[in-house]
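Basically the working numbering = 1-based index in the sequence shown + 943.
Since the hints were made in silico from the structure, they are not lab data.
Think of the CB as a built atom: it goes at the ideal place given N, C-alpha and C, for glycine as much as any other residue.
There's no promise every hint is true.
To be verified - Derived SDA-like pairs (lysine to any residue); straight-line CA-CA distance at most 20 Å:
# : residue 1 : residue 2
1 : K980      : M1030
2 : K980      : D1028
3 : K980      : G1024
4 : K980      : A1005
5 : K980      : Y1023
6 : K980      : A1019
7 : K980      : V1026
8 : K980      : A1043
9 : K980      : G990
Claimed, not checked - For each label pair, taking beta carbons as the anchor points, the in silico distance ranges come out as:
#  : residue 1 : residue 2 : range
10 : T995      : A1029     : 20 to 28 Å
11 : R982      : L1015     : 15 to 23 Å
12 : L998      : T1076     : 34 to 42 Å
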Amino acid sequence: MSEPERTGRSAGADEARADSDARTAGDDETALQFGRKWRLLLLGMLGFVAVTTVLQFQVEGASALPEIVVSLYVVAVVAYGVVADAMQTRRFRIALYAGAVAWGAVRLVEGDTSLVTYALLGIGAFLLTRELTFAD
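Sequences are here, hints too, so could you generate the full structure?
And the structure:
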């Protein structure tokens, strides 16, 4: 094999390696931006919930505390899932389903008998029971 052929193949391999490295760097940057976007969305959601809970407490007083606590719990669970990248874990699902049941229970105690209340209770209880009963 002549020197130019070896050099050409080597240069081609180097180009392929450089292209691969560039794609990997681009993918890492995209993944980083995706994470940053989710974190910004999460921060916005936390801010929105904080403002609405303060307003709700000012309007309704202490009677709004159960709903405020459940809202903050659900937001904290979702925040944990996003920040710790734990949305696929059993612990996250159990905590989220428990939050749905608690949210439905608070709504029912407050006198809300809408379909959403019963859906939160029924579907949340079913999913929670399934998650606690059947192991992966």
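Hint numbers not upheld by this structure, sorted from lowest to highest: 4, 8
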